[in-house]
Amino acid sequence: MTAVVDPYVSVHAPGRFLYALNPLAKFAAPVPAIVLLVFVRDLATPLAFLALAYVVLLIGARVTPRLLALLVVALPVAAAVLGLSMSLWTDADRVDRSVAVAQLGAWTLYGGAVEIGFATGLRLAAIVALSLLAGLTTNGPDLVRASVQQLRVPYRIGYTALAAFRFVPRFGHELDVIRQAHRVRGAHGGRGPFAALARWWGYIVPLLAGAIRHAERVALAMDARAFGAHAERTERHLVPWRRRDTVFVALMWAVTIVIAWFFFPWTLR
Amino acid sequence: MTAASPAAADLSATPASAPLLRVRELGIAHDGAPTPTPASASFEVRAGEVVLLLGPSGSGKSTLALALNGLIPQAVPATVTGSVHVAGLDAASTPVAQLSTHVGMVFQDPDAQLVTGTLLDEVAFGPENLLLPASEVLARAEDALRRVGLWERRAENPDRLSGGGRQRLAIACALALGSPLLVLDEPTANLDPAGIEEVYATLGEVVAAGERSILLVEHNLDAVVSITNRVVVLDQQGRTVADGSVDEVLRRRADELHDMGVWLPVSTLAALRLRRAGWHLDPLPLSPDELTAALEAADDPAGAEVGAAAVGAAVVGPGVTSGPGAPASDRAPVVEVRGLDVTRRRTEILHGIDLTVHAGEFVAIVGANGAGKTTLLQAIAGVIPVPKGRVRLGGPQGVDPARADLRGLSRRIGFVFQNPEHQFIAHTVFDELAHGLRRQKLPDEQVRERAHDVLRRFGLDDKADVHPFLLSGGQKRRLSVGTALVAGAPILALDEPTFGQDRARAEELLGLLRELNEAGTTILVVTHDMQLVTEYAHRTIVVGDGRIVADAATAEVFADETLVRAAGLRLPPLRRALQGLARHPQLAGVTRVDDLPGGAE
Amino acid sequence: MATASRLPTRVLLVCAAIGVATGLVGGIAGVLTPVVLATAPFAYGLLLGSHVLPGIIAQEVLRRPLVAILTHLVAALVASAFNPAWAGRFIGTALLFGAIQEGVAALTRYRAWGPWRFFISGGIIGVLVAVVVFFVAHLSALPPWAQIAYLVLSVAGPVAWTALALAIGTALRRAGVARR
Ligand SMILES: Nc1ncnc2c1ncn2[C@@H]1O[C@H](COP(=O)(O)OP(=O)(O)OP(=O)(O)O)[C@@H](O)[C@H]1O
Ligand SMILES: Nc1ncnc2c1ncn2[C@@H]1O[C@H](COP(=O)(O)OP(=O)(O)OP(=O)(O)O)[C@@H](O)[C@H]1O
Ligand SMILES: [Mg+2]
Ligand SMILES: [Mg+2]
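Residue numbers (our numbering), protein chains in the order written: chain A, 28 to 296; chain B, 8 to 608; chain C, 4 to 183.
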């Protein structure tokens, strides 16, 4: 089968190992690191995990302009903005005040506050980067298939999720049309946040009502094709759990333990 | 559906020697419905037959179709009396999954039948559910896809198929289940004429192969009579009133069916009318070819004359401007479009459109699926943004939709969307109509008066306090037209007003539009129904690939068959039958049923 | 098949439809998250509260077991497709919120569907979210007033979104969609 550009077909990128892994492996591998990051308070640990995520992504995923933009621009900028704002929000009475970074009248920004702020920014950036391992390299249907095949999620629920992927573009288009229609009829004209809220409120019922009716029709068509006839169904696309999945998860967990051990007790000073 | 996984073969085990389908005095009441429709339907389908199920709108044909594989009452709650037996199995108690190996279904909306991401997965979906071995699944999928001519495209996303292609895919999905009976409920309602032709060519091949039977619910009879063996007719309450061969039912009882409100092929309607004018047409023709042949064989009835209007208006040739009514080219222009390009999501969809519409015209916009008709109509009405200075509404002192505020715009032009539910904004029918008037800051008294006036006119007086979503399909459509009208717009633009409607409702709606048009409203309508275009529109604009490929009086446009076919359209049935008629030159130019002799008794 | 066959295909797909529509809202909330965290971290609860929508609308429309958690999962999948970076967060939130909403409904044996029932789950969600985010975003570093504002808004957020979801359910019923 030739690859077609659409959300259902998996990416074939020779040499990029992330695409060849079971989606569940990509979700399971970073979990311990993410949980650990929730309790970490220093700068070094999140930086180490951030570096780990970048390395795995750059080796294992196809390096597209989108990925580069995410890694080089979006994440660092988000981390910096977040770090700065958290430093400003931090309670100055409870931080290390030995270094004054900036002063504005009676208000002083202390080095301690900056450290706390940037620790938070880095932590969130690291969590996001680790989630990208699975998020960027998995297509929805494969995730659904893996859940059915390995996690024993009932296939009827899995196929519900697959059908949901088909609804997305359709509802997007419906929403466009509803917005045009309401605009033409002059529903809730006017500017400002309240007029906008009233407008969006008017879209909800037609959109959801149309969506539910469509779903009911799809359900009839699926039942008419023997959906749910047996406890299982033939699966032509296998998403197996291979040795490389085990290896990947084990390696990631091992690295997580090493980093955690090395930087313990994960506090600033 | 026992847990002790029965082998797939068990599902198709059938008691021997029963008809494929036997329906006995079937009555179905949806939960909450006061009376059952259908009330009492009885018929059978045997191996190899193609049975056409007819009945007026609301007689319960779709409901009945859902009962044939047990979806009613097993998936849709309803009270069922009488019985349905499929290959000897009781449809009310046998699991739907098991029945699906005996009855394959194709529904009206192609989008609502797609589950997966590629054509091959889609066709494999049914056999996979039956737990067939993967090799068997692939073999069946390949066979089914080849039969409908889609095997080469098996790796594509179904979204990339045309409407007709998607409906052929739905047929392949039903074939892959291996069921000997296919049930199709209005499978071509959303398609352009080329798509309809495609679907029926496919069905014709399936029938010709001989091993499948078909039960078909369809309003567009012109396309189907050629493959039909037998016809079953339900009356308004859903009782079987006729069941027999095409000859017995359609030919011999055509008058009766016509009076009941059942739609007949255009050629048959034309023939009935000619008979009334004294023509001897026996047997009654059912298709354009048969009508041509019957007329060539028939003598002119003594004293019969073609209606004066037809002779004057419908003869095709230079200098003749239009069929219905009077052309309006000497009147003031109300829509002027110059050099219009429309770009959406970085693709140019319309290229250099020029057109002028004069006050009081009735203009049809036609073209294949995806040609850009909707985009054109929406650009004219200011529904989508267009570049400044390209469109002008209301003559030299008029407005440019690109600059005008919406309130001013809605007083110039009313727009009716394809799906009426999209445009409803109030919680009652009355408020829906009052909205446009209140926006004009009219006093309450006048708002009430004018809204009730429209309600009366559209037969909705008793629905004033109902939520618009709770109306029937036809009522919703009328209300949406009412809301566009009530603001007093002199131009009305409608996008596929006959979409998903049966022919009776379509006729009713177009009759209403004609009335408005005669009272001076300018009408622009997008539609796929070529006979309706011929009957109602002064002028036809053919859109193809984002360009206007023809723009002339309706009769003139359809005189050029090459152009019409190239645009993915087909000639309307009556013109196909009458053009080139050698023996009766006075009929050869007639294109509208209304212009035939025999109308006024 | 015991659990699955209790949910007819129609119910499954209606959940999918509601999940897709509300998942789009979740996707938007995901985009706004860094913005809110950067400008007004204590108001984060208001935003996160939007994730109660799928379960409540599904329960209002369908009124049966398991629909809340299922709709949440679909919404999370859809939101993740738009916003892969938040995939883990979406799925975690979905499981947590879905489990709470199912749990509260199960305690009434799926018989009581009064608005109070929905507000109880809204309140519980608020408290739980408050605690979790408190640690993740290290909000103990904020000045006391901001911490209090944060706690109040964390509970108020889900409760307010619950009220909105109930209003949507009522409107759908009036339009004849949730007729069962
Ligand atoms: N889901 C439903 N719930 C309640 N009533 C319904 C439902 N579907 C159809 N009906 C009603 O049942 C009757 C028969 O409808 P049905 O759609 O079967 O008619 P039909 O013969 O297919 O009409 P048409 O030619 O317009 O398609 C109508 O009165 C309709 O309003
Ligand atoms: N909002 C949009 N964004 C991008 N492309 C669009 C948009 N709307 C329409 N198109 C594209 O523009 C082309 C013309 O669409 P349009 O809806 O005008 O066709 P149509 O003639 O009305 O077709 P149909 O008979 O199927 O209704 C199509 O190829 C369609 O995919
Ligand atoms: Mg029908
Ligand atoms: Mg269109």
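Hints listed in this document are in silico derivations from the structure and should not be mistaken for laboratory results. Since we're looking at a predicted model, the values are computed, not measured. Glycine included, C-beta positions come from ideal geometry on N, C-alpha and C. One should not assume that every hint holds.
Derived coverage of chain A by chain B (criterion: at least 3 residues anywhere in the stretch with Cβ under 8 Å from a Cβ of chain B; other residues may be distant) [what the hints assert, rightly or not]:
#: 1; stretch: 189-203
#: 2; stretch: 242-256
#: 3; stretch: 261-269
- Task: Could you tell me which of the numbered hints above are not met by this structure, giving the numbers in increasing order?
- Result: Of the numbered hints, all hold.
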